[in-house]
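Peer 1: Turn these sequences into a full structure, and let the hints steer you where they fit.
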Amino acid sequence: MKPFAFERARNVDHALSLAAAAPGARFLAGGTNLLDLMKLEIEQPETLIDVGRLPLADISETAGGGLRIGALATNTVVASDPRVRSRYPVLARAILSGASVQLRNKASMGGNLMQRTRCAYFMDPAKPCNKRLPGSGCSAMGGLSQATALFGASEFCVAVSASDMSVALAVLDAEVETVRADGSVRRRPVETLHRLPGDAPQVDTDLAPDELILAVELPPPPSGGQVWRKVRARASYIGALASIAVAGDRVALGAVAARPWRARAAEAALAEGAAPREAAEAELVSASGEDGRKTLVRRLATDAIQESRKGSRS
Amino acid sequence: MSTVRDWAAPNPITENRSGLIGKPVDRYEGRLKVTGTAPYAFEVETPSAPLYGHIVSATIARGRIAGIDLSQAASAPGVVLVWSHLNVPVQAQRGAKLNPRSQRGSNPALGSDRVEHYGQSVAFILADTPENARAAEARIRITYEASDADLDFGSFIDSAGPVPGEEDARIGDFEAGYSASAVTVDATWFSPLQNHAQMEPCATTAWWEGDKVVVHTSIQMVKGGQHALAETLGIPSDRVRLLTRYIGGGFGGKGQSYDDLTLAALAARESGRPVRVAYTRRQMFQATVHRPAVQMRVRLGADGTGRLNAMALEAVTHCARNSTFVEHAAEFARNLYAAPHRLTGHRLVRLDIPHAGAMRAPGEAPGMLSLECAMDELADRLGMDPIALRIRNEPEVDPDNAKPFSIRQLVRCMQEGAQQFGWDRRNPTPGAVRDGRWYVGMGMATAIRGNFLLPAKAGLRLTGDGLATLTQGMTDIGTGTYTILAQITGETLGLPLDQVRVELGDSDMPPAPGSGGQFGAATAGSAAFETGMVMRRRLAELATSDPRSPLYGEDPLLMDFANGNIVLGNRSESLATLASRAGPEGVYVEGSISPAADARDWSQHTYGAQFAEVGVDSVTGEVRLRRMFGVFAAGRILNAKLAKSQITGGMIWGVGAALTESNAVDPRYGSFLHQDLGGYLAPVHADIVNLDAVLLDEADDKANPMGIKGVGELGICGSGAAIANAVYNACGVRLRDYPLTPDKVLAALEAKGL
Ligand SMILES: Cc1cc2nc3c(=O)[nH]c(=O)nc-3n(C[C@H](O)[C@H](O)[C@H](O)COP(=O)(O)OP(=O)(O)OC[C@H]3O[C@@H](n4cnc5c(N)ncnc54)[C@H](O)[C@@H]3O)c2cc1C
Ligand code: SF4
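Taken in order, these protein sequences are the chains called A and B.
Throughout, the numbering used here is defined as the position within the first sequence, counted from one, plus 329.
Throughout, the numbering used here is defined as the position within the second sequence, counted from one, plus 164.
Don't read these hints as lab results, they were simulated from the structure.
Among these hints, one or two may not hold up.
[As the list claims (entries may be wrong)] Taking lysine to aspartate or glutamate pairs in the EDC-like style, the calculated list, with each CA pair at most 20 Å apart, reads:
#	chain 1	residue 1	chain 2	residue 2
1	B	Lys-187	B	Glu-862
2	B	Lys-908	A	Asp-410
3	A	Lys-368	B	Glu-301
[To be verified] Covered stretches of chain A, going by a simulated chain B footprint (3 or more residues, C-beta under 8 Å):
#	region
4	330-342
5	441-453
6	462-474
7	623-630
Keep in mind that this is a model prediction, so the values were computed, not measured.
Glycine residues also receive a C-beta, built at the ideal position from the N, C-alpha and C atoms.
Peer 2: Structure follows, in structure tokens:
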């Protein structure tokens, strides 16, 4: 681990001014992703700004009938919140399918969204990786790792997002609220918080270095059943081979792109009355990559959409 | 030399009067471990503040170091010294033995500019903190001259060569027998490269006391490590004291020493300070040994009743170019089932990857993943129950050498297992049982693993406080050796457990061969038992020849030992009194065990039957274990709890072998795809639901004086095959390429139109 400076933010303004003053700085929340990457020297921030004690952990009702979840609410607290469980079960289940209980006790809403890819070559500092070292090449292409993107990849990077939670947030049309040192507050849909890699895969999101996530806002849940499914190589404690969140007529896929992938083509097909399998196939028209992965997504999406229709409509 | 007859007489262990043998007592060192106070090699106290070493690993598969610039690193904060092959202190040539009796030869680090595999040590940094040592790595500039490397096992399988000094084992005429068989199976299985993934990385703390080096290191074999270091440094082994008191997992991967030991000792000498060196998690994958991949072709020929006429298991495996190791995946098949025409053998491919080496049940673990599934296929083809097929082919004597079995309860294992597991509820038609989205199926396989006894010694001291302290240059790699040695010593001397101490893992102690090949308990335990018997005789002589003893003048052979006393009729004297009369040091004896001269006149194995029920997700191809049960026969059981832990731990590893564990060499770099526990998938708790095992009552009087056998490796044998057979029973898909990951299962389901 490279030596670094450590600052503890007293309040949000303090955090933002520290960030503005120290260009190489990173926010530290639960640390379950950032510290791991620092130990591997994949992340080498000059300064850590600990935001972990800021009062951003509340979950509250919004005027519009939704839920506002503070950026520092832990994954455990969110998944066990009765309002989340009853109105957004897809979110609770998605969170609970991730990591382990110990990690979820530390992991925060903001940190989970901002976690970096787990591409095996990104995680190995000895290997070329455009995301880690721009211009060095992409080892995943032509490599052994199967977890490559089906959607939105570029010739520079084929990594997928590792966040389960964000797939559920995307299907729920959640928005991320941020603030910068200059006081500007912005809202972005979770769906497009992450950039597609294009020719700059080193940039995960368009958040500015001094931009702090304050909260995630959920609109009222859509009507219809909610389903969460995560396909994985062992029963727990491992990222998805593919995942899916269905809420009413909306579908989002996970572990298939650099962001949670709203399956807009499938949604459009469903709106036109297509059967679940046809909808899944409509989405896969634009997929590139290995056939086996596409088959998995087709079967998974078909089954999950069917299940959501069987489930009780709320 | 003794013979097995000498072991047949009743003794304190077989009589087990105080009931310590078999008792499920807790781990001797359990409290230290769960409270985090057991000092592992990296954590032992040092005589003065230590320095920290970090090893820099090669990033090419094969070639040479054309240039290496250490100057920037040498001036980095906190750095004390930096070594490459250019300036590392002199060490003996690899493999050199000054002392021909050394168990291991020299193991130099940074010995030359040659790179023989990715991850090989190429530089070493010593600094005041581990962070500074690691941070300085970025300042080392290395240029390599890479040469062509053979990395892809698959592309060399067809050109695999014979194993030096080995021939195929042929009995009868396999080809003729096979072609004359009414029903046949001919299929090929693949077991991938696997890593040990021990929790504790290889680590050493070293310091010098004059011309003698003291090393605490994580190793399974005390003498092997001591000798390797002595040979590397070119000094007599009595100038190396090696200690290894607590080990966080070995599994065969720590059967030898690595560069942490060599470099810690050298750096401590050079710096005059204690030095700690640990491998990183990546280095554990890349710079220690692994279980090599094995391709196995099995051919079975049977008559219409299922009687085997011919069987062959031909295995192709790999090892490093300059370090021969053979995963003997076909060997177990020689002893398992009767068939007049037999062929087994191994072929070897040399690759430029890290060294292949022993991993829990080397041979059987991958090997049984083939034959035990081939038997399932044969049963299916014959329309026979898989257990009935195996019973039909149960041999009366060892089919390899016609030796009688010391004891073989394989059929009983299968029958009891079938009953307790509910095998009769298995629907033999694949794909017939559904539970919602899940196909559900059951499978079984047998387990066999050899039993061994090696020469070993032990020391035992009885002191005036009534404590008996057993000392042995043995290791406890997390298996429970401390605990069973305490039980054996307590039972032999008639002492309660709280009066027994066990001290292990020190090269100054009477030597034992260490932990490996599931010979540890039988070997170290028998030496402890014999030493206890020596102590009994000594104490009996002391008592009966001393006028101050109430037993004075009696026949020493008539003495009994119970409750901390030496006893004859209603007269007794406490062992504490006896020991204090003997002097301030108490009474010290040594004892030893050697294999009986005729031990190998019997075929000696441990056996088991494994049963699994799995679910296969009909949508995604995910396989999940629903329950697993095994019945095993492994001699007298010393500690029911520890033996079961070993057995179920092995079964769980088999679950990993069947479903998740594998590594692959990236042909572009020569590195492993997975170099951490997030990518290399061992089973987690959620994967293991409802798994249990029972051990049959057994005593093997040909094994050793206590009639015990090893249990450390038996549990993994056949475990994965039971799961693969259950997958077939669940969904009708035969997958022969382990592990059975969702992508493979799904492709097979699709191919079947499911
Ligand atoms: C072994 C393991 C298994 C895992 N398995 C899964 C899994 O199956 N599914 C899954 O979804 N996840 C998984 N994870 C990832 C886990 O969910 C994340 O590590 C966690 O959510 C990160 O949250 P954190 O608060 O610890 O973030 P940190 O590590 O503190 O931060 C992560 C990143 O977010 C940034 N950040 C944090 N808070 C803010 C904020 N308020 N505003 C702006 N930026 C911020 C940090 O600067 C940093 O770049 C796993 C992690 C581990 C270690
Ligand atoms: S896919 Fe992206 S993260 Fe992975 S190696 Fe390529 S550039 Fe790096």
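Peer 1: Determine for every hint whether it applies to the structure shown.
Peer 2: Hint-by-hint comparison with the structure:
1. Restraint check for B:Lys-187 and B:Glu-862: satisfied, since their Cα atoms lie roughly 15 Å apart, inside the 20 Å limit.
2. Restraint check for B:Lys-908 and A:Asp-410: the C-alpha separation of about 38 Å exceeds 20 Å, so the hint is violated.
3. For the hint linking A:Lys-368 to B:Glu-301, the alpha-carbon distance of about 13 Å falls within 20 Å, and the restraint holds.
4. Check result for the region 330-342 of chain A against chain B: holds, 3 residues qualifying (beta carbon to beta carbon below 8 Å, three or more required).
5. Closer than 8 Å: that is the beta-carbon criterion, and the region 441-453 of chain A has 4 residues meeting it against chain B, so the requirement of 3 holds.
6. Counting residues of the region 462-474 of chain A whose CB lies closer than 8 Å to any CB of chain B gives 5, so the stated coverage by that chain holds, three being the minimum.
7. Three residues within the 8 Å Cβ limit are the bar, and the region 623-630 of chain A against chain B gives 4, so the coverage statement holds.
In the structure shown, a violation is registered for the earlier hint numbered 2 alone.
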